[in-house]
Structures are given as C-alpha cells and as structure tokens.
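Trainee: Since the structure of chain A is provided, determine the placement of chain B on it from the hints.
Sequence order for the protein chains is A and B. Sequential numbering of the first sequence, starting at 1, is according to my numbering. Sequential numbering of the second sequence, starting at 1, is according to my numbering.
Among these hints, one or two may not hold up.
Which copy? The list can't say, so a pair holds if one copy fits it or any two copies do.
What the hints assert, rightly or not - Dumping the calculated EDC-like pairs for lysine to aspartate or glutamate here, alpha-carbon to alpha-carbon at most 16 Å: (1) 149 - 87; (2) 149 - 211; (3) 178 - 82; (4) 57 - 74; (5) 198 - 173.
FYI, nobody ran anything at the bench for these hints, they're computed from the structure.
Protein chains: 2
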Amino acid sequence: MHEIHIGEDLRERNIEIAEENRKILRGNGVVTFNLMSAPGAGKTSLLVATIPHLTDKHRIAVIEGDLQTSRDAERIAALGIEVFQIETGGVCHLDASMVHSALHTLDLESIDILFIENVGNLVCPAEFDLGEDARVMLLSVTEGDDKPKKYPLMFTESGLLLPNKVDLLPHVEFDLEKARHEALDINPKLEIEEISCKTGSGIEAWTDWIERFCETRGGS
Amino acid sequence: MHEIHIGEDLRERNIEIAEENRKILRGNGVVTFNLMSAPGAGKTSLLVATIPHLTDKHRIAVIEGDLQTSRDAERIAALGIEVFQIETGGVCHLDASMVHSALHTLDLESIDILFIENVGNLVCPAEFDLGEDARVMLLSVTEGDDKPKKYPLMFTESGLLLPNKVDLLPHVEFDLEKARHEALDINPKLEIEEISCKTGSGIEAWTDWIERFCETRGGS
Chain A
1 MHEIHIGEDL RERNIEIAEE NRKILRGNGV VTFNLMSAPG AGKTSLLVAT
51 IPHLTDKHRI AVIEGDLQTS RDAERIAALG IEVFQIETGG VCHLDASMVH
101 SALHTLDLES IDILFIENVG NLVCPAEFDL GEDARVMLLS VTEGDDKPKK
151 YPLMFTESGL LLPNKVDLLP HVEFDLEKAR HEALDINPKL EIEEISCKTG
201 SGIEAWTDWI ERFCETRGGS
Chain B
1 MHEIHIGEDL RERNIEIAEE NRKILRGNGV VTFNLMSAPG AGKTSLLVAT
51 IPHLTDKHRI AVIEGDLQTS RDAERIAALG IEVFQIETGG VCHLDASMVH
101 SALHTLDLES IDILFIENVG NLVCPAEFDL GEDARVMLLS VTEGDDKPKK
151 YPLMFTESGL LLPNKVDLLP HVEFDLEKAR HEALDINPKL EIEEISCKTG
201 SGIEAWTDWI ERFCETRGGS
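The following block holds chain A by itself, in its conformation from the complex (with noise of 0.2 Å):
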C-alpha cells in the first residue's frame, strides 16, 4: 500500500470572529450549541423532538445551516419558534462569520437557548468555531462504529455524543461499546447519551444535559 499525505489549511480569521460572537451571545444570556453530524443523522428531527420539552421554562431560537432548501428551517418554523436560515449556496459547513450575520438579525434579548444546526458534514464543520458554548454531535448507528477513529477531529471537538436512531441496533451491525470506547480514547471527557428520535428514547436524558449545562453557565 502507497500513501500521500496532504496539508491541512488553517483559517485563523474564523477564530476571531468565533470570540467576538461568543462575547455577544454571552453578554446577552444566551447560551448556544451547535449541533454537528453526517447528512441524515437526524439533527433536525432532535431539535423538534427536543424544543418542545424546553419552551416551558426556555425562549429558544435556531440557526438552520443547509446547503441549498429552507425544508428543515420550516420543520422548526413550524414549533412556533424563531428561526434564521443560512443557505450556504454549496459550503459545506457553517462559519463564525456566517452566524455573525444572523446575531445581527435574532433578537438576542430574547433568547435564553439557541440552537445551530451545522450543515450536515462529519469533516469541515469540526474544524469552524462559531462561538457556541458546546458542540454536541448526532451519530447514527447507522453509519457504522468505524466513525470515531476515521472522524477523530468531530469526536475531538464535542462536548456531548448523541448516538441516534438507536431502535434500529437489531437490525445493523454497531457495535455500541466499540464505538463508546474508541470515542472516548479520542476524547476522555466526552459525554454520551444514546437516544431515538423516533421512539423517544433518551430525549429525557439529553433535556436534562441541557438543563444542568444552561444552569452551570448561569444561563436561562
């Protein structure tokens, strides 16, 4: 086997604008995740089975990132819930400066929990801070347990690991402890909650996750 290794380009720039967009989102109380995941992972499934366990006690807002459609801006629109669409126009991740226009537009007053949803992507998105407080990352068992050693850089950067679709376990073969501990070898203080968005399974650990980090910031 012959192999070439190619350079990876470094984008300081996004990493300042990444700052000024957390001190804006945190000097207004604003406590924001970014939500990362291969295209069909179910991200904005999770928001909509998510949002309505939160809109008791949080004002949530979302930032929908998609290459091309407004079809999951209108999925969370539907909630009720106020939501700005990027379409990137063929990027393939969201960047700080993309979500820094968007703070220009959101009443961020108004705002306790504010959702992104990052284009769906297991590479770029990783390696673009927008600002947020976490970034929590959707896999679905689906995909296969390989993910975590050929993504390092997503499971690198995430706070929380979400393994969905999990009802379909007996019928694909994920190896659910593999992928835990190959998860964790990458990065020790990753947390983990296995959920499914179509049973429901999980939802309540994953709103209770939010619940304690939005408390430990100081948050809503």
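Mentor: Just chain B, lined up with the frame of chain A:
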C-alpha cells in the same frame, strides 16, 4: 424566517489536472469510477462485495481516500487488490492533484478498472472532477429521502445512484419512490439500482452495469 446567501468558491485549476488525469487513464485503457457518498453509506462494503465478481475478467485497482486512517484501504488490500491510500489529513474531499500523484505510482498498464473511493461527504466531492469516466453515488436509505433536494449537486454529477441498505427499508421512514422521483427531477439521465451490500441484493445488477459501461467505453 430570515436568510443570507454565501457565494460558492470555484476551483478552476482542478479542471485542468482532472483533464490530464483523464487523458492518462484513457490512454492506458483504464475505466475509472469515482464512488461518492455520505460517511457510513457503505462505499468500502460495496467494493468488498463487488470486486470478487469482477476479478475473473478484469484487473482491478483501488484508490482509497480517507481523512485519517487506512482502515478502508486495509479492507480492500485484504482482497489481494492493489490499493493506493490517500490520507487527506482533514481535507474533506479528493481533488485531481491528489489522484494525479497516485497515477504516477500505480502500474496503469496492468489495470483495467480503477475505483476511486472518495472521502465520505455529500458536498465537496461533487465539486471536484478527478478525471474519472463516471461518478457513482451511494445513498443509504437510513439517511432520509430528502437528500436529492438537499444535496442536488451530488445527484446532478452522478451517472448512477445506488440506494444502499434497502434491507433496512422496513425499519426506516424512507420513500424510495419519492427519492427516485426527486433524484430524476434533478438529473433525468441518472440511472438507479437499489442494492444491499449486506444481503447481496442488487449487486449483480450493479456489476452488470459496470460490464456494460466498460464495453461501451471500449475498455477491458
């Protein structure tokens, strides 16, 4: 709902190198397929299921694109096939220059069919011509039937769409007819073969498609 649009980068230089790759490959009688999909849709499993059906009549080689690991390349090498591993070091797609480096090392005169397994990503790989004869796209039915409208370029650029993991259809909400219809709306010339690398269903139709393709190109 508010919206912003971000401009798309164009990568002109890639086109020239891709044309050079194409000239080299065709000049050596190599028929080349570029396999693209989201992470975990089954590209490597497809190659493992496919190659043994082709080795009687054709000499096969594989270029494996991967972010960090050589796991996929090892699975292919275990079949006794020449594999060139491109570790992109975090870059989320293969480009023509990466493939060009591989062409200097592979013994092209002893290859009839070259499979290039792209990095798992539904976005950027579609923007980079590698010099292939055809692009083949896998779509796991676990990813959702909204993917054609959400990732249109991938469907526009592919000659063949392989909906994979159809054994899971009873357990997921995926409307195959809707996905087929929306994919053909985007690309009316797209051919579609449903497969399951797990059960083997559709693999014969796919290898027949390869054989027909090679005959039409005057290949092996």
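Trainee: Hint by hint, say whether it matches the structure.
Mentor: Results for each hint:
no.	hint	verdict
1	149 - 87	between (30 Å within a copy, 13 Å between copies)
2	149 - 211	neither (30 Å within a copy, 35 Å between copies)
3	178 - 82	neither (39 Å within a copy, 29 Å between copies)
4	57 - 74	neither (23 Å within a copy, 51 Å between copies)
5	198 - 173	between (19 Å within a copy, 10 Å between copies)
When held up to the earlier numbered hints, the structure conflicts with 2, 3, 4 and fits the remainder.
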